[in-house]
Amino acid sequence: MAIANLGLNTLEHLAALPPDWPGGFWWHWLVFTVIIIAFVLTLVMGLIWIERRGMGRMQARLGPNRVGPFGLLQPVADAIKVLLKEDIIPARGDKIVHWLAPVIAFFPTLMIFAVVPFGNGALLADLNVGILYVIAISSVSTVGIFMAGWGSNNKYSLLGAMRNVAAVVSYEVPLVLSIVGVVLIAGSLSMNQIVLAQNIPFILLQPLGFLIFFIGGCAEINRSPFDLFEADSELVAGFHTEYSGMKFAMFYLTEYAEALALSAIITTLFLSGWRGPILAPWLWFVIKTIAVFFVMVWTRTTLPRIRIDQLMALAWKFLFPLAVINLFITAIEVLAWPEALPWTMILVNFAIMAVLVLLWSKFFMLGWGRVAV
Amino acid sequence: MVLKTEPFMLNIGPVHPSTHGVFRMRATLDGEVIVDIEPVFGYLHRGIEKLAEERTYTGIIPLTDRLDYLASMSNNLAYVLSVEKLAKIQVPERAEYLRVIMAELQRIASHLIAVGAFLNDCGAFFTPFLYMFREREKIVDLFEMVSGQRLLYNYMRIGGLSQDIPDEFLPALDKFIQQMPGFIDEYDRLLAENELLLARAKGVGILPKEMAIDICASGPVLRASGVQWDIRKVDPYSIYDRFEFDIPIGSAGDCYDRYRVRIEEMRQSLRIIKQAMEQIPPGEIRAKVLHLVRPPIGEAYAHIEAPKGELGFYLVSDNSIAPYRCHIRAPSLINLTALREMMIGWKVQDAIIIFGSIDITMGEVDR
Numbered sequence: 001m002a003i004a005n006l007g008l009n010t011l012e013h014l015a016a017l018p019p020d021w022p023g024g025f026w027w028h029w030l031v032f033t034v035i036i037i038a039f040v041l042t043l044v045m046g047l048i049w050i051e052r053r054g055m056g057r058m059q060a061r062l063g064p065n066r067v068g069p070f071g072l073l074q075p076v077a078d079a080i081k082v083l084l085k086e087d088i089i090p091a092r093g094d095k096i097v098h099w100l101a102p103v104i105a106f107f108p109t110l111m112i113f114a115v116v117p118f119g120n121g122a123l124l125a126d127l128n129v130g131i132l133y134v135i136a137i138s139s140v141s142t143v144g145i146f147m148a149g150w151g152s153n154n155k156y157s158l159l160g161a162m163r164n165v166a167a168v169v170s171y172e173v174p175l176v177l178s179i180v181g182v183v184l185i186a187g188s189l190s191m192n193q194i195v196l197a198q199n200i201p202f203i204l205l206q207p208l209g210f211l212i213f214f215i216g217g218c219a220e221i222n223r224s225p226f227d228l229f230e231a232d233s234e235l236v237a238g239f240h241t242e243y244s245g246m247k248f249a250m251f252y253l254t255e256y257a258e259a260l261a262l263s264a265i266i267t268t269l270f271l272s273g274w275r276g277p278i279l280a281p282w283l284w285f286v287i288k289t290i291a292v293f294f295v296m297v298w299t300r301t302t303l304p305r306i307r308i309d310q311l312m313a314l315a316w317k318f319l320f321p322l323a324v325i326n327l328f329i330t331a332i333e334v335l336a337w338p339e340a341l342p343w344t345m346i347l348v349n350f351a352i353m354a355v356l357v358l359l360w361s362k363f364f365m366l367g368w369g370r371v372a373v
Numbered sequence: 001m002v003l004k005t006e007p008f009m010l011n012i013g014p015v016h017p018s019t020h021g022v023f024r025m026r027a028t029l030d031g032e033v034i035v036d037i038e039p040v041f042g043y044l045h046r047g048i049e050k051l052a053e054e055r056t057y058t059g060i061i062p063l064t065d066r067l068d069y070l071a072s073m074s075n076n077l078a079y080v081l082s083v084e085k086l087a088k089i090q091v092p093e094r095a096e097y098l099r100v101i102m103a104e105l106q107r108i109a110s111h112l113i114a115v116g117a118f119l120n121d122c123g124a125f126f127t128p129f130l131y132m133f134r135e136r137e138k139i140v141d142l143f144e145m146v147s148g149q150r151l152l153y154n155y156m157r158i159g160g161l162s163q164d165i166p167d168e169f170l171p172a173l174d175k176f177i178q179q180m181p182g183f184i185d186e187y188d189r190l191l192a193e194n195e196l197l198l199a200r201a202k203g204v205g206i207l208p209k210e211m212a213i214d215i216c217a218s219g220p221v222l223r224a225s226g227v228q229w230d231i232r233k234v235d236p237y238s239i240y241d242r243f244e245f246d247i248p249i250g251s252a253g254d255c256y257d258r259y260r261v262r263i264e265e266m267r268q269s270l271r272i273i274k275q276a277m278e279q280i281p282p283g284e285i286r287a288k289v290l291h292l293v294r295p296p297i298g299e300a301y302a303h304i305e306a307p308k309g310e311l312g313f314y315l316v317s318d319n320s321i322a323p324y325r326c327h328i329r330a331p332s333l334i335n336l337t338a339l340r341e342m343m344i345g346w347k348v349q350d351a352i353i354i355f356g357s358i359d360i361t362m363g364e365v366d367r
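So the sequences go chain by chain: U and A. Numbering-wise (the working numbering), the first sequence opens with residue 1 and increments by one. Numbering-wise (the working numbering), the second sequence opens with residue 1 and increments by one.
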């Protein structure tokens with residue numbers, strides 16, 4: 001406990017320095033930039049380890065267990081290996097675009113963490129439009145991915161990149177709409193305010209919103225069952241087929257940093273972020289983030305991949321209408337019964353979610369209606 | 001606004017994660033939709049049919065191992081049946097039973113890989129594949145017990161088998177048969193009713209009944225199209241007329257049916273093995289055959305229901321120690337005939353699973 005509290009409490013004090021104090025802002029900026037980079041890099045390695053070991057367990061095998069205790073150093077070994085590899089640029093590729101793509105894909109992902117609170121007020125910038133910023137920034141990665149597909153001069157890469165663009169453009173709509181419900185209840189766009197507003201986690205008040213956000217998010221960041229931008233059984237490796245060495249490592253890093261970012265945002269928006277009893281806030285945050293990530297690992301080992309037209313149909317015919325309905329219902333609830341007991345609302349909302357999802361799947365022949373999206 | 005677009009050519013294979021070897025498809029795509037597809041093969045051609053003409057009849061058996069390397073026992077069986085037909089050799093009872101047991105175990109092992117690889121092509125990230133390899137390993141252990149090999153068994157001989165089974169084989173087989181139905185149910189539960197799999201595989205890559213018959217398709221590919229045709233029933237070889245089993249058939253002839261037919265066939269194979277185990281007599285395992293077989297002048301064609309379809313060996317003898325001609329009717333190659341018709345109009349992703357659902361082995365396609 002004491003040790004757990006030691007690190008970040010000190011940093012929180014530093015961060016809380018008044019901005020008019022000489023160098024106050026820059027001090028804050030520097031500390032949190034370092035924290036974010038360290039946090040993302042270490043946790044990404046942790047996630048890679050969790051995914052590989054977890055998948056090993058689920059697939060009746062062991063997973064990496066040679067390097068370090070329980071294979072914990074496997075990501076480090078992989079990183080070293082990949083750094084020492086030759087960097088190959090396709091002879092007829094667009095060299096500048098090819099070189100720039102991993103950078104453009106990676107940095108927006110890092111920038112998302114600027115508004116993710118690790119504790120009360122412990123974040124780089126408490127923007128009053130925090131969640132809007134996340135949505136805006138996270139889409140920039142797509143440009144990097146499309147550049148990778150284009151610059152590689154490889155048809156597989158291009159197909160993967162095209163799929164990615166199509167999917168991101170479609171999934172952005174239900175994704176944003178599902179967040180609006182949260183924003184309505186919290187009454188703020190600031191990530192920190194949203195966490196502070198969650199006396200009960202919003203996953204209970206916004207079950208449908210959570211569902212849509214989770215599915216849409218998985219589709220955006222290319223996680224199974226929507227991993228068809230780098231579908232290894234179809235497109236070899238999709239947009240990063242032609243990448244090797246450090247540039248490939250950047251894409252690999254991006255992939256997991258995006259998964260981490262999505263888990264962190266879901267934690268913040270729906271799972272009451274850093275709030276929790278007994279443990280230090282940042283520890284709660286990390287635990288919840290890893291829990292969300294674990295669900296993604298779980299779906300990855302379980303589900304087959306969806307087809308591109310079904311992916312689009314799912315976004316526009318299923319998630320989009322449900323997101324709109326969810327938004328309306330939430331708005332009415334917030335407007336008409338602002339003082340209603342949360343537990344009644346939880347029951348009502350879960351009932352609404354169940355009815356809507358089942359009816360809609362029947363309507364569009366998903367699930368209940370037995371397929372054909 | 002009308003965009004000017006044009007189809008482009010995409011080379012799928014020969015080195016590609018889902019081409020099950022070194023198959024190559026030259027696909028012409030309109031966006032993601034397949035306009036035309038041209039299969040190219042021959043990357044694994046080893047000239048087995050020609051090699052066979054320069055070897056003794058017994059010496060060809062190891063070559064047959066290398067045809068469909070996932071079902072070596074079945075290949076051995078088809079070949080030795082054909083030589084026995086040519087040389088009119090009677091096989092001892094015990095050898096016949098063991099042959100049936102091996103062939104059916106091999107069918108299960110081959111179908112496990114077929115189904116696992118198909119689901120892997122669908123994008124279920126290696127989970128079903130590895131689950132199925134777990135049980136295939138047990139079958140391979142059984143084969144290792146009898147033949148000493150784990151992939152290319154070279155177990156059958158003209159007139160019987162190379163050696164009798166060891167004492168521990170039957171108890172081990174019995175244990176396997178006790179466990180396996182539970183595992184098959186597990187595979188079924190894994191994904192059989194999964195929405196995504198249904199969405200991906202149902203109605204995709206339909207091979208109509210008439211076309212399936214026209215192209216001489218055989219095996220699960222034909223049966224999934226609704227044709228009740230199994231050489232074990234329609235032209236019983238070895239001692240298959242003594243066993244009771246059903247022929248599972250599909251109705252639509254789509255990828256999903258092919259997958260279901262294979263799962264059902266595994267259950268039927270277990271039934272056959274169980275009956276064979278109960279009836280197996282003691283006795284010789286090989287007829288008295290000279291090492292250098294010299295069949296009389298003539299020709300013979302023997303076919304069996306291999307895991308992938310009708311596998312036949314056509315041998316012509318000129319009374320020497322080597323066949324004058326050895327032709328192999330490889331089910332993998334013939335089942336691929338309708339590939340183009342099955343794929344046109346579908347998307348790249350569908351093409352991969354259609355190809356996976358046909359279940360081919362390049363060793364057999366190229367020979």
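Rather than coming from a laboratory, the hints here were simulated on the basis of the structure. Computed from a predicted structure; not experimentally measured. Among the clues, some could well be false.
[Stated by the list, open to error] These stretches of chain A come out as covered by chain U in the derived footprint (C-beta under 8 Å, 3 or more residues):
(1) 128-137
(2) 195-201
(3) 310-317
(4) 326-337
(5) 345-352
The beta-carbon is built from N, C-alpha and C at its ideal position, and this holds for glycine as well.
We went through each hint and held it up to the structure:
1. Counting residues of the stretch 128-137 of chain A whose CB lies closer than 8 Å to any CB of chain U gives 3, which reaches the minimum of 3, so the coverage claim holds.
2. Three residues within the 8 Å Cβ limit are the bar, and the stretch 195-201 of chain A against chain U gives 6, so the coverage statement holds.
3. Under the rule that three or more residues need a Cβ within less than 8 Å of chain U, the assignment of the stretch 310-317 of chain A is violated, with 0 such residues.
4. Residues of the stretch 326-337 of chain A with a Cβ under 8 Å from some Cβ of chain U number 0, which does not satisfy the need for three, so the listed coverage is violated.
5. Residue count for the stretch 345-352 of chain A with a Cβ under 8 Å from a Cβ of chain U: 5. That meets the three needed, and the coverage hint holds.
Of the numbered hints stated above, those contradicted by the structure are hints 3, 4, listed in ascending order.
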